[in-house]
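Chemist: Construct the complete structure from the given sequences, taking the supplied hints into account.
Sequence lines, in order, name chains H and R. Residue numbering for the first sequence follows my numbering, starting at 1 and increasing by one per position. Residue numbering for the second sequence follows my numbering, starting at 1001 and increasing by one per position.
Some clues are possibly wrong.
Not the full set, but computed from the structure, chain H residues with beta-carbon under 8 Å of chain R [as the list claims (entries may be wrong)]: (1) G14; (2) I23; (3) G177; (4) V195; (5) V198; (6) L207; (7) Y209.
With a straight-line Cα cutoff of 27 Å, these simulated DSSO-like cross-link-like pairs (lysine-lysine) come out [what the hints assert, rightly or not]: (8) K197/H / K1197/R; (9) K1047/R / K47/H; (10) K197/H / K1047/R; (11) K197/H / K3/H; (12) K1111/R / K1084/R.
Hints are computed from structural coordinates only; laboratory data are not their basis. Glycine residues also receive a C-beta, built at the ideal position from the N, C-alpha and C atoms.
The chain contents come next:
Protein chains: 2
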Amino acid sequence: MSKVFVNIGLSLDGYMAPEGMSIENWDRPDYKNWGAKWGTLMSWILKQQYFRESLKFGPGGETGPVNDMLRNTMERSGAGIMGKRMFDAGERSWPEEAPFHTPVYVLTHEKREPWVRPGGTTFHFFNDGPASALEKARESAGGRDIRISGGADVIQQYLNMGVIDELEIALAPVLFGSGRRLFENLHEAVPQFRVDKVLNTPDATHLRYVRA
Amino acid sequence: MSKVFVNIGLSLDGYMAPEGMSIENWDRPDYKNWGAKWGTLMSWILKQQYFRESLKFGPGGETGPVNDMLRNTMERSGAGIMGKRMFDAGERSWPEEAPFHTPVYVLTHEKREPWVRPGGTTFHFFNDGPASALEKARESAGGRDIRISGGADVIQQYLNMGVIDELEIALAPVLFGSGRRLFENLHEAVPQFRVDKVLNTPDATHLRYVRA
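Modeler: Quick look at the structure:
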């Protein structure tokens, strides 16, 4: 059966995104310094060969255990789910060949025809809520795993539904001070996890938790 | 010169203490389940030989690298600083021989004579604010290091003053859902850190950061 997993970058003080990083300020990365902060959060991934290749950033890059982890994350994924805000930002940032190569369910109230990208990514705009989106994702994942991509509010909803099997966090040694917190709005009975694996690098500490 | 360091336990969702853990509910650990949550956060330390010996919990306990780390934390400390709420809780919980063995400056508005404990701990009740307390701690630390013990609000003040050299976090794989956050109320220009060392165990991931 498909596992449901989260794989995200997080600042040391618990933010998935710095304050000011929103679609309105996409062309103003100096606004509240969000661009530099985001860059620090993501510096580990920009160095990886698999990521560079996947986003057509050109050749080169690291090929060690972090790169293997990235490749594994991509290869295990049979479907994805994301929020509308994350999609909106991605729509402006991803290359034509969006880096998912699976169906991706976008949680939104907007009605829109599926958006088919070269390379195997199709975005489905889904209006029936997170539980129903997860069902659709399971159907289309073909036994592979389902990635809850974000944003924070979407991850919170699935955590509260108790369906997240694995939580993979790249904890970057940066303090944002403000932004969108990952761990917020959790219900009292939120599921518990155990540490499965930790891989430390100077750019990020890769923490992997699985359901306890 | 003395280093200023923080060494604390933190829940995966960023809380130093669960909701409901306050002096009013000290005898009601079932209140909002704070006792069980706190126990999970602290389970790693309760197993360590050095901690058991230090708090007179009896013989036995682990003697590996985590235990060495604990001993090192104690031996490097020449003075401590804590908030009044942490002191109030400790006053009801520590054994007669309080586990610091150094001068400890308690930030408070209360006037009170120094409280001398057997074993070398003396609590000084300090009314002149955190900067002045740090000066006093430096004077009395004899070149050893200064530990900012907590709570969260006290650590936040010293982070914002830019005087924390090292941040040691035992990140426990538990979600509290609510409580007192460590990383909150930070100014924009909060100092940055780099990962110095990570030691992983099933009970906690020990993250050590130093000023970048």
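Chemist: If a hint holds in the structure, say so; if it doesn't, say that too.
Modeler: Structure-based check of each hint:
The closest approach between the C-beta of G14/H and any C-beta of chain R is roughly 5 Å, which is under the 8 Å cut-off, so the hint is satisfied. For I23/H, the suggested interface contact is broken, since its CB lies about 22 Å from the closest CB of chain R, more than 8 Å. For the restraint placing G177/H at the interface with chain R, the shortest Cβ-Cβ distance is roughly 5 Å, inside the 8 Å limit, so the hint holds. The closest approach between the C-beta of V195/H and any C-beta of chain R is roughly 5 Å, which is under the 8 Å cut-off, so the hint is satisfied.
The closest approach between the C-beta of V198/H and any C-beta of chain R is roughly 4 Å, which is under the 8 Å cut-off, so the hint is satisfied. Against a cut-off of 8 Å between C-beta atoms, the interface hint on L207/H holds, since the closest Cβ of chain R lies about 6 Å away. Nearest Cβ of chain R to the Cβ of Y209/H: about 6 Å, under the 8 Å cut. The hint holds. The hinted pair formed by K197/H and K1197/R meets the criterion: a straight-line CA distance of about 15 Å does not exceed 27 Å.
Between K1047/R and K47/H the CA atoms are separated by roughly 39 Å; this puts the pair beyond 27 Å, and the hint is violated. For the suggested pair K197/H and K1047/R, the alpha carbons sit about 21 Å apart, so the restraint of at most 27 Å is met. Pair hint K197/H plus K3/H holds up; C-alpha atoms about 17 Å apart against a cutoff of 27 Å. Simply put, K1111/R and K1084/R have alpha-carbon atoms about 12 Å apart, close enough for the 27 Å limit, and the pair holds.
Of the numbered hints listed earlier, those contradicted by the structure are 2, 9.
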